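S.K.: Read off the chains here:
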Amino acid sequence: MATVQTKTAKRERQRELNELTLEKVPTGIRGLDQVTHGGFPKGRTALVCGGPGAGKTLLGLEFLVRGAQLYDEPGVCVAFEETVQELTTNMASLGYNLQQLVRARKLAIDYVEIERKQIEETGEYNLDGLFVRLKQAIEEVNAKRVLLDTVELLFLGLSNEGVVRSELRRLFHWLKDAGVTAVVTAEAGDRGLTRYGLEEYVADCVIVLDHRVTEQVSTRRLRVVKYRGSSHGTNEYPFLMDNEGISVMPITSAGLTHGAPTERISSGVTGLDQMLEGKGFFRGSSILITGTAGTGKSSFSAAFANAACGRGERALYFAFEESPSQILRNMSSVGLNLNQWMGKGLLKIHASRPTATGLEAHLAQMYKEVEEFQPDVVVIDPITNLISVGNQGSVKAMLTRLIDFLKNKSMTAMFTNLVFGDEIEERAIGISSLMDGWLVLRDIPSGEERIRTLNLLKCRGMAHDMRMHSFTLGEKGITINGNFETIGAARAQ
Amino acid sequence: MATSKPSAPRGRSSNNVAGNSGQSRPASRRRNRALWELRLYVAGMTPTSIRAFENLKKICEEHLQGIYSIQVVDLLERPMLARGDQIIAVPTLVRRLPTPVKKIIGDLSNTERVLVGLDLRPAGGWH
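Those protein sequence lines, which keep their order, are chains A and B. Residue numbers for the first sequence follow this note's numbering, so the first one is 1 and each next one is one higher. Residue numbers for the second sequence follow this note's numbering, so the first one is 494 and each next one is one higher.
If you are wondering where the hints come from, they were derived from the structure by calculation, not from laboratory data. As the structure is a computational prediction, the values presented were derived from the model and not from experiment. Cβ coordinates follow ideal geometry from the N, Cα and C atoms, glycine included. Some hints here could point you the wrong way.
Over 10 Å on every C-beta distance to chain A, these chain B residues come out as not near it, computed from the model [unchecked claim]:
{"hint": "1", "residue": "L528"}
{"hint": "2", "residue": "M538"}
{"hint": "3", "residue": "T541"}
{"hint": "4", "residue": "Q579"}
{"hint": "5", "residue": "R589"}
{"hint": "6", "residue": "D600"}
Straight-line distance between alpha carbons at most 20 Å, and here's what the computed EDC-like set of lysine to aspartate or glutamate pairs gives [as the list claims (entries may be wrong)]:
{"hint": "7", "chain 1": "B", "residue 1": "K596", "chain 2": "A", "residue 2": "D210"}
{"hint": "8", "chain 1": "A", "residue 1": "K226", "chain 2": "A", "residue 2": "D210"}
{"hint": "9", "chain 1": "B", "residue 1": "K551", "chain 2": "A", "residue 2": "E124"}
{"hint": "10", "chain 1": "A", "residue 1": "K42", "chain 2": "A", "residue 2": "D204"}
{"hint": "11", "chain 1": "B", "residue 1": "K596", "chain 2": "A", "residue 2": "E161"}
{"hint": "12", "chain 1": "A", "residue 1": "K135", "chain 2": "B", "residue 2": "E605"}
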């Protein structure tokens, strides 16, 4: 009897707790809802701050647009900085049609112009005019979401800072009472988070955007500085702004929670599978292939992708050196018909120049592609070029995040890494520790010719063949020969 | 001579065109041909709104007698009008005519500033 009562009481407590837990509205912005564990606080105001060009307006507008499109929550944008026309044009370049939403009465935009030169101030006033406009706009579309961008321009437009401050305080209370979920943007400040200390008024959720340029490469980052009553990711998350809006890469480096699947999948090369207990790699593992130029790294990774597609799985191939057509042509020379998988939608090749953007932007782009394509296997060929755009520390941190991200999704990943001469093993040591498997390719001079060899330096969790083998690349693909004794002998001398 | 004075707005009679109309302008006032079209935006008949109107009426009677009109717009009743004249603060006085448009916000208690703002006194006019 007593235990029953305790159980009921426990349930009751849990129920109360659930009710007390902060309700959230999904932003609909890719990745941001994961970082904030569910979105922005419902019926409250979130502050988004950052320097010029950090993406504040875009984030705010995307919050409105996604709300209108995905969650049937119409929005109001009170724009202090850009006119309706400017906003519409800017958003069109990012793939959003604001006019359409306005026509559908899912969005109302009110441009508030504050021209200080035109305005003389004398005596008492308040900002009821602004309140009236906001209320009007909210009623027009029955808005559930509001964006104020950038409300602190009021400080520039009006000389009585005391009035502006007390009115802003009133405005934020008013928004809360109105039950709308609001986003307020603010310029980053030198001393505080924002130039005018808006974080004092909006204390529920504060997000900082950052746009850094290091070595001519720009990277955008997002961080949740504060989220009252909620847990949230605390890292800096890289994000992208492209023709599909914002995508945040919600990858944490502390993601050692992934399971360890015992399923095995073929490497796509019979001989290599044999070296791996005859079964291939573990699903969800990450494999590094290093080798000097022309040793067949791409062939191995293409064979791996080809095998996945042959099983009816999806493969995503990131090419940082060659164009998709180049890859298809080259791989047909080693007996791999990748075209057929492209046609069936099982293979996607994403090619881009590594130097085009920063490392984190690349990884954010990769994250986005993975989320969209939902592949079973991922190939990154080569990762070397990514390393060249970042410094060692950040490369390792970002790779860790990427690997954790893929592991959490049980995606098997193959990375190739180009090395030079004798540094094969040293160069890769930094990143090899992150990998479950490490395959080293070499071409060794032997008399008149060069012999291709491969060597599985490590493969976690299985009794793999550690001997060095020779292999050939031909029309029938990759053929691995028996134990390559002569090289071993040559080395011993 | 038309002497109908602007009456203080009260209650809900908000959109209240008051003051002397241009048509009944007496010949003696023709020297200042411009018709002054003033609009006072308020949000409800608060003490500040009423004070602003009374200050404005006094200034107009002193400096623009016979050639001005004041329209009082209560935004609580006609919220749509706030966008057109870009009103954020109340009270806001908008000089619609003569052009260019001028805006003065506040209860208009500082007569000197109002006169400067309306271009009735040169900017260097005070101290």
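S.K.: Does the alpha-carbon distance linking K226(A) and D210(A) stay inside the 20 Å limit?
M.R.: Status holds; Cα separation ~16 Å.
S.K.: Holds or violated: is the Cβ of Q579(B) farther than 10 Å from all Cβ atoms of chain A?
M.R.: violated, 5 Å
S.K.: Was T541(B) rightly flagged as not at the interface, with every chain A Cβ beyond 10 Å?
M.R.: Violated, because the least Cβ-Cβ distance between T541(B) and chain A comes to about 5 Å, which does not exceed 10 Å.
S.K.: Determine whether the non-interface label on L528(B) survives the test: each CB of chain A must be over 10 Å from its CB.
M.R.: Its Cβ never comes within 10 Å of chain A, the nearest being 21 Å, so this holds.
S.K.: Would the hint linking K135(A) and E605(B) be met if the CA-CA limit is 20 Å?
M.R.: Not satisfied, since the Cα-Cα distance of roughly 34 Å exceeds 20 Å.
S.K.: Given the hint that K551(B) pairs with E124(A), test it: the Cα-Cα distance must not exceed 20 Å.
M.R.: Given pair K551(B), E124(A) holds - Cα atoms ~17 Å apart, limit 20 Å.
S.K.: Quick one, are K42(A) and D204(A) close enough, alpha carbons at most 20 Å?
M.R.: holds, 10 Å
S.K.: With the threshold set at 20 Å, check whether the alpha-carbon distance from K596(B) to E161(A) stays at or below it.
M.R.: Measuring from Cα to Cα gives roughly 19 Å; hence the hint holds.
S.K.: Are all C-beta atoms of chain A more than 10 Å from that of D600(B)?
M.R.: At roughly 4 Å from the nearest Cβ of chain A, D600(B) sits no farther out than 10 Å, so the non-interface label is violated.
S.K.: So if I understand the rule, the pair passes when the alpha-carbon distance is 20 Å or less; does K596(B) with D210(A) pass?
M.R.: violated, 38 Å
S.K.: Report holds if the minimum CB distance from R589(B) to chain A is greater than 10 Å, and violated otherwise.
M.R.: Given a closest Cβ separation of 13 Å, the condition holds.
S.K.: Hey, is M538(B) genuinely clear of chain A, shortest beta carbon separation above 10 Å?
M.R.: Answer for M538(B): holds, closest chain A Cβ roughly 12 Å.
Checked against the numbered hints above, the structure breaks hints 3, 4, 6, 7 and 12 and satisfies the rest.
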